[in-house]
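Q: Since the structure of chain W is already known, use the hints to place chain E on it.
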Amino acid sequence: KQEVTQIPAALSVPEGENLVLNCSFTDSAIYNLQWFRQDPGKGLTSLLLIQSSQREQTSGRLNASLDKSSGRSTLYIAASQPGDSATYLCAVMKVRGSNYKLTFGKGTLLTVNP
Amino acid sequence: KAGVTQTPRYLIKTRGQQVTLSCSPISGHRSVSWYQQTPGQGLQFLFEYFSETQRNKGNFPGRFSGRQFSNSRSEMNVSTLELGDSALYLCASSLPGTGQRTFYEQYFGPGTRLTVT
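Chains as they are written, first to last, in the numbering used here: chain W, 112 to 225; chain E, 14 to 130.
Only chain W is shown next, with the shape it has when bound in the complex (with noise of 0.2 Å):
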């Protein structure tokens, strides 16, 4: 059975700073990892995918990784921005013929102080 376990579950850093938020997976044959943000009580926007032959993804300010073999991923922000304040969701997928099954991380809770 697939876990994923997103580490730290909250994290407070000042405006401006570089930061990286990681996450893990027990079953390494995955066919993609996805990066979401969720805003209180909102859905989840997706920011950034990466396909299990790919290493990382780049968007803007974000920069995705993933070591498949190592059953990890790790999502770096570049100058952070309260606007960046949201929890941030990764979720791997398992394809197995046409049934695909996406589990989900419980998210990192990042606060941006002005």
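Bear in mind the hints are in silico, worked out from the structure with no lab data behind them.
Beta carbons: idealized from backbone N, C-alpha and C, even for Gly.
There may be inaccurate statements among the hints.
Listed below are several chain W residues computed to face chain E (Cβ distance under 10 Å; list not exhaustive) [what the hints assert, rightly or not]:
(1) Ser139
(2) Asn143
(3) Lys212
Computed beta-carbon distance windows for the label pairs [said to hold, decoys possible]:
(4) E/Phe82 <-> W/Lys205: 22 to 30 Å
(5) W/Tyr187 <-> E/Gly29: 45 to 53 Å
(6) E/Ser83 <-> W/Asn224: 46 to 54 Å
(7) E/Leu96 <-> W/Gln165: 41 to 49 Å
(8) W/Val131 <-> E/Thr20: 31 to 39 Å
(9) W/Arg207 <-> E/Asn84: 26 to 34 Å
What the simulated footprint calls covered on chain W by chain E, stretch by stretch (three residues with Cβ under 8 Å from a Cβ of chain E suffice, anywhere in the stretch; the number is not a length) [what the hints assert, rightly or not]:
(10) 155–163
(11) 202–210
(12) 216–223
A: For chain E alone, coordinates are given in the frame of chain W:
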């Protein structure tokens, strides 16, 4: 392109009642998945529909059911509501992935906040 929409956004129900939630996927998306999110358990997969057929199911009791229509819109039904069913219910849509290598990238709606009293 409009995103995933869910209705209603908020619901308050009483124990023992039943509820139906609706999800309209992004145009062209044929796969719709449902998730339950609670503070204690996080995000848990309920089921996934593709072409009006349930393809995959999570570990939830039979009180939770769903269906998908020919236009890919999906509904989720919970019967005999319990206090523990209070949660944010999220649906996500994605491209079909019919045997071809697609990304299966999930696009989520804003959710329906269900409160059972």
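Q: Give a verdict on every hint.
A: Structure-based check of each hint:
1. Checking serine 139 of chain W against chain E: minimum C-beta separation of about 18 Å lies over 10 Å; hint violated.
2. Nearest Cβ of chain E to the Cβ of asparagine 143 of chain W: about 6 Å, under the 10 Å cut. The hint holds.
3. For the restraint placing lysine 212 of chain W at the interface with chain E, the shortest Cβ-Cβ distance is roughly 6 Å, inside the 10 Å limit, so the hint holds.
4. At roughly 27 Å, the beta carbons of phenylalanine 82 of chain E and lysine 205 of chain W sit within the given window of 22 to 30 Å.
5. A beta carbon spacing of about 48 Å between tyrosine 187 of chain W and glycine 29 of chain E agrees with the range 45 to 53 Å that was offered as a hint.
6. At about 50 Å, the CB distance of serine 83 of chain E to asparagine 224 of chain W agrees with the hint of 46 to 54 Å.
7. In this structure the supplied range 41 to 49 Å holds for leucine 96 of chain E paired with glutamine 165 of chain W, their Cβ-Cβ distance being about 43 Å.
8. The beta-carbon spacing between valine 131 of chain W and threonine 20 of chain E, approximately 38 Å, falls within the hinted interval of 31 to 39 Å.
9. Roughly 27 Å separates the CB atoms of arginine 207 of chain W and asparagine 84 of chain E, a value that falls within the hinted 26 to 34 Å.
10. Note: the stretch 155–163 of chain W has 5 residues with beta-carbon separation from chain E under 8 Å; the three-residue rule is met and the coverage holds.
11. Counting residues of the stretch 202–210 of chain W whose beta-carbon sits less than 8 Å from any beta-carbon of chain E gives 5, enough to reach three: the coverage restraint holds.
12. Here the stretch 216–223 of chain W counts 3 residues with a CB under 8 Å from a CB of chain E, which clears the bar of 3, and the coverage holds.
Checked against the numbered hints listed earlier, the structure breaks hint 1 alone; every other hint is satisfied.
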